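**Student:** Each chain, written out:
There are 6 protein chains.
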Amino acid sequence: MNGLLLRRNLERFFNEDIGTGDLSTELLFELNERGVAEFVAKDDGIFCGQAVIDMGFCLLDEDCSVEIYVQEGERVQKGDVIAKVSGRVGAILTGERVILNLIQRLSGIATMTRRAVELLGDSKTRICDTRKTTPGLRMLEKYAVRCGGGYNHRITLDGGVMLKDNHIAQCGSIRNAVAQVREKVGHMTKIEVETSTEEEVREAVDANADIIMFDNCSPDEAIFYNRLVPRAIVTELSGGITLQNLTQYKDCGVDMISLGCLTHSVKSLDISLRMKGVGQ
Amino acid sequence: MNGLLLRRNLERFFNEDIGTGDLSTELLFELNERGVAEFVAKDDGIFCGQAVIDMGFCLLDEDCSVEIYVQEGERVQKGDVIAKVSGRVGAILTGERVILNLIQRLSGIATMTRRAVELLGDSKTRICDTRKTTPGLRMLEKYAVRCGGGYNHRITLDGGVMLKDNHIAQCGSIRNAVAQVREKVGHMTKIEVETSTEEEVREAVDANADIIMFDNCSPDEAIFYNRLVPRAIVTELSGGITLQNLTQYKDCGVDMISLGCLTHSVKSLDISLRMKGVGQ
Amino acid sequence: MNGLLLRRNLERFFNEDIGTGDLSTELLFELNERGVAEFVAKDDGIFCGQAVIDMGFCLLDEDCSVEIYVQEGERVQKGDVIAKVSGRVGAILTGERVILNLIQRLSGIATMTRRAVELLGDSKTRICDTRKTTPGLRMLEKYAVRCGGGYNHRITLDGGVMLKDNHIAQCGSIRNAVAQVREKVGHMTKIEVETSTEEEVREAVDANADIIMFDNCSPDEAIFYNRLVPRAIVTELSGGITLQNLTQYKDCGVDMISLGCLTHSVKSLDISLRMKGVGQ
Amino acid sequence: MNGLLLRRNLERFFNEDIGTGDLSTELLFELNERGVAEFVAKDDGIFCGQAVIDMGFCLLDEDCSVEIYVQEGERVQKGDVIAKVSGRVGAILTGERVILNLIQRLSGIATMTRRAVELLGDSKTRICDTRKTTPGLRMLEKYAVRCGGGYNHRITLDGGVMLKDNHIAQCGSIRNAVAQVREKVGHMTKIEVETSTEEEVREAVDANADIIMFDNCSPDEAIFYNRLVPRAIVTELSGGITLQNLTQYKDCGVDMISLGCLTHSVKSLDISLRMKGVGQ
Amino acid sequence: MNGLLLRRNLERFFNEDIGTGDLSTELLFELNERGVAEFVAKDDGIFCGQAVIDMGFCLLDEDCSVEIYVQEGERVQKGDVIAKVSGRVGAILTGERVILNLIQRLSGIATMTRRAVELLGDSKTRICDTRKTTPGLRMLEKYAVRCGGGYNHRITLDGGVMLKDNHIAQCGSIRNAVAQVREKVGHMTKIEVETSTEEEVREAVDANADIIMFDNCSPDEAIFYNRLVPRAIVTELSGGITLQNLTQYKDCGVDMISLGCLTHSVKSLDISLRMKGVGQ
Amino acid sequence: MNGLLLRRNLERFFNEDIGTGDLSTELLFELNERGVAEFVAKDDGIFCGQAVIDMGFCLLDEDCSVEIYVQEGERVQKGDVIAKVSGRVGAILTGERVILNLIQRLSGIATMTRRAVELLGDSKTRICDTRKTTPGLRMLEKYAVRCGGGYNHRITLDGGVMLKDNHIAQCGSIRNAVAQVREKVGHMTKIEVETSTEEEVREAVDANADIIMFDNCSPDEAIFYNRLVPRAIVTELSGGITLQNLTQYKDCGVDMISLGCLTHSVKSLDISLRMKGVGQ
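Protein chains in written order, with this note's numbering: chain A, 18 to 297; chain B, 18 to 297; chain C, 18 to 297; chain D, 18 to 297; chain E, 18 to 297; chain F, 18 to 297.
In short, the hints are calculated from the structure, not lab data. Note that the coordinates shown come from a computational prediction; the quantities given were computed from them, not determined experimentally. Any given hint could be a false lead.
Identical copies go unnamed one by one, so any copy, or any two together, can satisfy a pair.
What the hints assert, rightly or not - Below, a list of computed lysine-lysine pairs in the BS3-like style, where the Cα atoms sit at most 30 Å apart:
| hint | residue 1 | residue 2 |
| --- | --- | --- |
| 1 | 181 | 95 |
| 2 | 59 | 141 |
| 3 | 95 | 284 |
| 4 | 267 | 101 |
| 5 | 141 | 293 |
| 6 | 293 | 267 |
| 7 | 141 | 101 |
| 8 | 201 | 267 |
| 9 | 201 | 284 |
| 10 | 293 | 181 |
| 11 | 59 | 293 |
| 12 | 95 | 59 |
| 13 | 59 | 101 |
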């Protein structure tokens, strides 16, 4: 994770929440009053967000100290103490909400990803994310997917080529589309083709795409399509798959299953911050 | 909504997604090729996001034209065409994902808010949001809550005072805390006190708080506490209320019920973008 | 005060002044030469600006040390040493002008505010500011008003509703305007109505505005209008009041008198920086 | 003036004032309702701020139209209509305060500068500003000084060398300081030396400074010092000069008199915005 | 290319050059005086920079019009008119230097890339760039390489994995390093291994790297190493290759030759701007 | 050099290179693994870039320590160790490329500048730069010129006046142009006039320009023109001068020779970073 970018983002998020100052806290606490607080899990799940806690509080109080007891991607149970922060009470209370908003969301993503991974059991299929992340949070949300045991699809539009129906229609055929891109694109860039019929899958194989995605298909279709593709080409299932129907797809033999829900419909993991003492 | 801020945010979101360029699109479409596309609802819900669609595409193609067929906060049904955009195909395809990510989320929030409002039926109690918004999206998410028929709690930490357990402990009593704040705070600022026992409610009434919040209480407690408070003081229920148990609270007589889930655990409303024609 | 915002602003102000470098200083002093300097009051007044001095020099030299001898809002007399800074001479000389420009202005505001407060004597009326602050300095200037003993009116346009003639004309009546806003606005937001005739004051009382402002009126009018308003509604006098005529209004009985001059026509408090030694 | 910088600054200033939205206006006016408003002088003075009005409203409403009736630096009298803006009522009311805050301040600076210039009568001495500008507003304030008929001293610390007591002490003598700088500095950069005794003036002449400043001296001293300096070297009077004592210095024969008060202790020129019609 | 990012960069570049204003131009030309100017090639080469010219002038004068006569990547000869701009004279003269600095550099890169491509003649080996771009100009410089007929290596550190000596030493072997990365990395990400001995090449083949780079080797070594690698793995030559020795490598059979010199040691293509008329 | 600006620029440059993270490094090294690396000259030249190394690594790892063995502007020979950095291996490997890109370029500029200065031998003519710097790097590149022994021409368009053919044509004559500018411009600003004929030189002398530039002339012309100018006016040769023909101009007697090639056609000095140990 790019720490410089994280710091700048955290700063922006704090400013969005604080405005010109935290009235409630500034009016009641001395600037230098110190205290201790703990992050406590209020539900079971996978924790993600060490850097957010650490860098977040340090931005607001460079003399604070943060101890984190749970590793990224580790399971927490209701009641577990995740981290302890000691520093200016003002900084702790002012920063609480933004930091909770972030780590609850990231832990929610990691938790959902882990559940997806577990649903696949010993299948060799991997879970990956999509570009359906919350605008402004892509780096963090893709990091949370990794913490949950998932894999990242491309991060930006310049990090890979994905040929969908509109791109293919434009070129007349999958073969033309792949050839036209391959002629221009650098050797570090992979080309993925979205398919939804047997014919398209066969065309994509002929075109020697690096990755073939089967869009919105049933488990049987997925098995069938996957068999059409040589091992050297990566296969990906996408569209309409949720935690509810994921197990139906676990034995399709595809390399990847991408889940938009991991980031677009997250249930935050409940975590709270508990002041342990003031004036210490 | 502050349009200048929205524009700057959209720019940031696009840059996050695009990086140095949309390889797939730039390699296959002529820069000036034009096309038409439609946003179509894939599920039933409340639409929110006109300004995102309009300003979003204009940022990527200042000569595009956008027609929007659904009003903010209006109900859409699966299959409804929400908006039409005509412009450079490159701009449409490049902007699609970020704009969908936003309007799906905003519409998801508006939809959930509307459901909450409807669950309250003809009760005079209002639904409001919290500060549990996605970092970076507060302005938009609070706007979506309004589109859904909800109300906004304070927007920033300088927009109101909320006295919680730690603030009160610091001053010895609710009375002291309110008095200390009232002595310093401007006349446009309201003071809300969080309470969780009868004693605290009574203390907050005596302290003449502007708003008294009943934290994490049962419907019966809410009714009881609410009766202790004179009409001139606003009452708010908060904590542990979800769409599942909301109706139990609808006749408590409180002025506001605040729901963190409106923004921290959103299910996006499914909307897709359908290219209608290229080269037109 | 939001320290993150202050740091970002100070950085911007330094860059505005420094450009690519402080030629005079860089050409004559070794990078690591250290020195000591003192801020000295050159006139009597109220000091404001601790955080500016402290954070300002630390931005330019993270190893500098700053001691501040005067509390925020405390009175200084000509000749008083306000603060001492020890650090790189280059940082001290380069930062001097921007820091002086700020603390002189802030102290000027605090001084003028204190004078206004004193002119009101033992009246219960409070002094508050307006949105007539210097663009870019709102947080700091409103802070200086507080240091001087004044109160802050709303900080941003989303922090309160103020209904002026144009808003009222749009709705046909004060009653309609207030009702329309009350129907939409959250419970943390207060509604203020600007009035300039007896009829308008009475209408605003009927409309149950949270605050009623008497615009540009004589002391007698103010007294008369104020009596029309029940104690639960805050009253504010505004328009045309300066330090020259303030005492005429001190016994009007209003809750607040807002003074634009506190921030739009400030006389800086004269403070200078005196190098005490170089090479120490 | 750098228009790109002005636009970015205006955007920042609007965001500071607006926050997430102008509640009062958004709740009462339709988004597309249009209106007309006029800027009217409420006092006599010199107007400055065309670009602020023009670019300011265009940022908030790109379809608005602005007509300006008074030239930059032209005299206005109480009651004069300065400019007319037609556009969305929301944009006009939301932008009003920030634009007024700026143009009142800039016009205040231009007015004070013009008064200083007039006090010098037919003297060949010129009035110039200092670096005592409001942080964040240097470009605009120095522009206002020019509109008032004054001249700009250096704009940034890399735009000229100014050798003050500390710099000179560091080098042992004025001669050494000038020589050391001259040895390093580019040929577009001028070197000014601050002096306060006859000896220092003579030394600065010997050192062949480009500009010699006489700091904090009486009119007689100024005349005496000025005679010691050959015509090829520019002379500048600085320190302790205000509009009150300026005429005493008008016949000293110096080239420049620099006045910090032009920017650090400004009285805004009173200008108001008057809605002329809504719904037109 | 990401136009939003380009616009923001151009704005930053203009501000760096202009500061608070273009004194020379503002003092002599009326704000609205219009003129016409042409970009003329002063040397032979490959042109690159349409978007810079077009967007650059539009940022400074939104009513200017730009006609471009030469396509991106097209050859120009000394004396050729590349583009014509009509607009405010002030904008043309103020923007001239920054726009020339950029298009001269980009055209220099395109020219050098084209020369490299031509030196390879009908070889199937492709030329690509590296991360040795000028900080702040990566998007533009990589675009110029493409305009010259070259290909882009990875754009950012998250767009591909490159395992160098330090990474390999850390894991004990190439095999371990590749395996460890493959276990974690998403399916859109390629893994390249840097090798400099036969043993390393063989190891990298066994490890099934996506790309094998031969670092700093002679033409004979390159031929030898390349033969060890199956066609499904991309081969890249890198290190120590310049336009001077490139032809020695043209028949090595590798897929890619990467040249740092394309971007780290550029000779700008000489282009000038010629005013054709003022006041038109 | 303005350290605040440098830090912000370095942050931007790192973000441009890193994106959301350095995959290769993050996947193989523990976050807290430490190591040592050295910068080694791979060629002979003049070093420039201490602050880049120092601040660069500190941005990525605030606990790293940097020792620099070569002074700014000092000569290095192939094999010399320039600096040593100890810190997190991740930070060292992630930061390597951007820091090398910068210091190689800056050292390349310093090296070329030094060569130019040496070619002038004991001539009193000085070498200076132009505004033909790389957009985004002006402060650093002008600093590198100074490290090489050269001088800086104006840094921004508000830091001096340069009257070229278009400006002069606009005013009818050099005399008018200079007079018009002198009438408006502050006393810290110098006026330079570009000339290319004897007549223009004489006119510029009569107009009393501060600096007269001889554009694109032969050595003989330069000598002739220079003799027409009194010593009090600075003379500058510009246009068409490179390291190849510079010695022909060394005895022309002009004060300054400005070389665009110092910054627009730089050959980077080869420097590499060598890991010395990991896990120490």
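**Student:** Indicate, hint by hint, whether the structure satisfies it.
**Tutor:** Right, here's what the structure says about each hint:
With identical chains, the CA atoms of residue 181 and residue 95 are at most 30 Å apart between copies only, with a shortest distance of 23 Å across copies and 43 Å within one. Taking identical chains as interchangeable, the C-alpha atoms of residue 59 and residue 141 are never at most 30 Å apart, the minima being 33 Å within one chain and 32 Å between chains. For a Cα distance limit of 30 Å, the shortest separation of residue 95 from residue 284 qualifies both inside one copy, at 16 Å, and across copies, at 24 Å. In this homomeric assembly, residue 267 and residue 101 never come within 30 Å of each other (Cα to Cα): the closest approach is 40 Å inside a single copy and 38 Å across copies.
Taking CA atoms no more than 30 Å apart as the test, residue 141 paired with residue 293 passes in neither setting, with 45 Å inside one copy and 39 Å between copies. For the homomeric pair residue 293 and residue 267, neither the shortest alpha-carbon distance inside one copy (46 Å) nor that between copies (35 Å) is at most 30 Å. In this assembly of identical chains, the alpha carbons of residue 141 and residue 101 never lie at most 30 Å apart, being 38 Å within a copy and 42 Å across copies at closest. With identical chains, the CA atoms of residue 201 and residue 267 are at most 30 Å apart between copies only, with a shortest distance of 20 Å across copies and 36 Å within one.
Within a single copy, residue 201 and residue 284 get their C-alpha atoms only as close as 42 Å, which misses the 30 Å cut-off; across copies the closest is 25 Å, which meets it. Taking the closest pair of Cα atoms, residue 293 and residue 181 come within 30 Å of each other only across two copies (14 Å); inside a single copy the shortest separation is 54 Å, beyond that limit. Taking identical chains as interchangeable, the C-alpha atoms of residue 59 and residue 293 lie at most 30 Å apart only when both belong to the same chain, with a minimum of 16 Å there against 47 Å between chains. Taking the shortest Cα distances, residue 95 and residue 59 sit within 30 Å of each other inside one copy (5 Å), while across copies they are farther apart (37 Å).
Taking the closest pair of Cα atoms, residue 59 and residue 101 come within 30 Å of each other only inside a single copy of the chain (15 Å); across copies the shortest separation is 44 Å, beyond that limit.
Violated hints for the displayed structure, listed by number in ascending order: 2, 4, 5, 6, 7.
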